[in-house]
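*Asks:* With these hints in hand, go ahead and build the complete structure from the sequences.
Protein chains in written order, with this note's numbering: chain L, 1 to 119; chain D, 1 to 288.
It is worth saying that the hints were derived from the structure and are not from the lab. All of these numbers come straight from a predicted model, not from anything done at the bench. Hints are not guaranteed to be accurate.
Partial selection, computed: residues in chain L whose CB lies under 8 Å from chain D [stated by the list, open to error]:
1. 33
2. 38
3. 42
4. 84
5. 87
6. 88
7. 91
8. 94
9. 95
10. 98
11. 101
Derived DSS-like pairs: lysine-lysine, alpha-carbon spacing no greater than 30 Å straight-line [unchecked claim]:
12. D/3 x L/66
13. D/3 x L/57
14. L/66 x D/207
15. D/248 x D/54
16. L/59 x D/8
For every residue, glycine included, the Cβ atom is placed at its ideal position computed from N, Cα and C.
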Amino acid sequence: MIFTNSYAANSWDSVAKSQEKGFFDFEFITWMAWTWQTAAFFLFIVLCFIVMIIWEKKKPGGSPRKGILGLDTTRGDRLFISLLSSAYIHLGWLGLIGPMLWIATIISFIFAIFVFRFV
Amino acid sequence: MNKTVNQKAWFFVIPVFVLVAFNAIIPLMTVVNYAFQETFGNNQFMWEGTRWFKQILVSERFHAALGRQVLFTLIILVIQIPLGIFIALNMPKEGIGVPICLVLMSMPLLIPWNVVGAMWNIFALPDIGFLGHSLNAMGFDYNFTQQSGDAWFTTILMDVWHWTSLVVLLSYAGLRSIQPAYYQAAEIDGATRWAVFRHIELPKMKKVLTIAILLRFMDSFMIYTEPFVLTGGGPGNATAFLSIDLVKMALGQFDLGPAAAMSLIYFFIVLTVCWVFYNLMMRNESKS
Numbered sequence: 001m002i003f004t005n006s007y008a009a010n011s012w013d014s015v016a017k018s019q020e021k022g023f024f025d026f027e028f029i030t031w032m033a034w035t036w037q038t039a040a041f042f043l044f045i046v047l048c049f050i051v052m053i054i055w056e057k058k059k060p061g062g063s064p065r066k067g068i069l070g071l072d073t074t075r076g077d078r079l080f081i082s083l084l085s086s087a088y089i090h091l092g093w094l095g096l097i098g099p100m101l102w103i104a105t106i107i108s109f110i111f112a113i114f115v116f117r118f119v
Numbered sequence: 001m002n003k004t005v006n007q008k009a010w011f012f013v014i015p016v017f018v019l020v021a022f023n024a025i026i027p028l029m030t031v032v033n034y035a036f037q038e039t040f041g042n043n044q045f046m047w048e049g050t051r052w053f054k055q056i057l058v059s060e061r062f063h064a065a066l067g068r069q070v071l072f073t074l075i076i077l078v079i080q081i082p083l084g085i086f087i088a089l090n091m092p093k094e095g096i097g098v099p100i101c102l103v104l105m106s107m108p109l110l111i112p113w114n115v116v117g118a119m120w121n122i123f124a125l126p127d128i129g130f131l132g133h134s135l136n137a138m139g140f141d142y143n144f145t146q147q148s149g150d151a152w153f154t155t156i157l158m159d160v161w162h163w164t165s166l167v168v169l170l171s172y173a174g175l176r177s178i179q180p181a182y183y184q185a186a187e188i189d190g191a192t193r194w195a196v197f198r199h200i201e202l203p204k205m206k207k208v209l210t211i212a213i214l215l216r217f218m219d220s221f222m223i224y225t226e227p228f229v230l231t232g233g234g235p236g237n238a239t240a241f242l243s244i245d246l247v248k249m250a251l252g253q254f255d256l257g258p259a260a261a262m263s264l265i266y267f268f269i270v271l272t273v274c275w276v277f278y279n280l281m282m283r284n285e286s287k288s
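*Replies:* What follows is the structure, given as C-alpha cells:
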C-alpha cells in the first residue's frame with residue numbers, strides 16, 4: 001500500500017482527472033502485467049496443446065513405447081519432458097554462460113526432437 | 001462393441017477448470033510476467049528481460065537457502081521414513097491397542113501448522129519452556145533463538161513429531177493388507193525376523209512407502225508456517241528455508257521480480273521431483 005501511494009504521489013497533475021482509456025486498456029487485468037513476450041510464450045504453449053490434440057485425432061493412442069530411459073511414455077509425456085528440460089537448458093545457459101540466450105532455445109528444440117524420437 | 005461418441009461430458013470438467021484457472025493457472029501466468037519485469041507498485045511495470053533469473057542463479061543467498069532446504073528435507077526423510085516403519089511394525093495388530101494407537105498417532109496430524117509452531121516455540125523456550133528448561137537444567141547449553149544448531153535441532157524435532165505419524169499410518173495400512181499366508185509360509189521356511197521384513201513386508205509396503213516419501217518430500221520441501229512461527233528463519237538466516245526466504249524477498253523487500261524468478265526455479269525443482277515420483281509409482285503399478 002505504501003509503495004502504491006508514494007508512487008502515485010509523483011504525478012499530481014493526474015490527480016482527480018479521469019484516466020484516458022485506449023481500446024485495449026483492460027484495467028481489471030493490469031495487475032497481471034502482461035507483456036507481448038510472455039504472452040507469446042503462453043501462446044506457444046497453447047499452440048503445442050492444440051497440435052497435440054490434432055496429432056491425437058489423426059493417430060489416436062498416443063503412440064506409447066518404452067524409450068531409452070526405460071520409461072513408458074506417450075506423446076504427452078514426451079512433450080512434458082521436452083518443456084521441462086527446455087526450462088533447465090535455458091536456466092543452465094543463463095547461469096553458466098549468459099548472453100545469446102537464443103542458442104539455448106535452439107538446443108532446446110533439438111533436444112525436444114531427440115526426446116520425441118527416442119525417449 | 002461400438003462406443004457412442006458423446007463429448008458433452010466435457011461440460012462436467014468446466015467447474016474444475018475454472019477453479020484451477022483461478023487458483024493456479026492465472027497466478028502462475030502472473031508470476032511468469034512478474035519474473036521479467038521490475039515494479040514499484042501502482043501496476044506500473046518495466047521490462048527487465050532475463051536479468052532476475054541471472055541474478056537468482058548466481059545469488060549466494062539463493063544457493064544457501066536451496067542448500068538448507070535440501071539438507072532439511074533429506075534429514076526429515078532419513079529420520080521419518082525408517083522411524084515410521086519401525087513404529088508401524090511394533091503397533092498392535094488386534095485388540096483394544098489398535099484404536100488407541102491409531103488415535104494417538106493421528107493427533108499430531110490434526111493440529112494446524114501455526115499451532116504446532118507456537119506450541120513448540122513455547123515448549124522449547126530456554127527459560128520457561130519444558131524442553132528448553134529441562135535441557136539447560138541437564139547441563140546442555142540450549143537456546144534455539146540464538147544458536148543455529150539448536151534452531152535446526154528444534155525444527156527437525158518438531159517436524160518429526162508432527163509428521164512421522166503420517167508415515168506410520170500409511171505403513172500400518174500397507175502392513176495390514178499383507179495376507180497371513182505369507183507369514184505362515186515364512187514360518188514354515190524358518191525365516192528370521194529380518195528376512196520376513198526384507199522379503200515380505202518391505203516389498204508389500206513399497207507402494208505406500210513411495211506415496212509416503214512423496215508426501216513427506218513435498219511437505220518438507222515447501223515447509224513455511226512451522227519454522228516461520230518457531231524461529232522466523234533465524235537466528236540470522238540459519239533456518240530460512242526456500243519458502244521463508246521467498247516470502248522475505250517478495251513481501252519484506254517488495255522485490256517482486258527476483259522473487260517471481262526464484263519461485264519459478266523453485267517450481268521447476270518441485271515439478272521435476274514430482275515427475276520422478278510419478279514415474280516410480282507408475283512403474284510399481286505396472287509391475288504388480
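*Asks:* Against each hint, give a clear statement of whether it holds in the structure.
*Replies:* Here's how the hints hold up against the structure:
no. : hint         : in the structure
1   : 33           : holds, 4 Å
2   : 38           : holds, 5 Å
3   : 42           : holds, 6 Å
4   : 84           : holds, 6 Å
5   : 87           : holds, 5 Å
6   : 88           : holds, 7 Å
7   : 91           : holds, 6 Å
8   : 94           : holds, 5 Å
9   : 95           : holds, 4 Å
10  : 98           : holds, 7 Å
11  : 101          : holds, 6 Å
12  : D/3 x L/66   : holds, 29 Å
13  : D/3 x L/57   : holds, 16 Å
14  : L/66 x D/207 : holds, 22 Å
15  : D/248 x D/54 : holds, 19 Å
16  : L/59 x D/8   : holds, 22 Å
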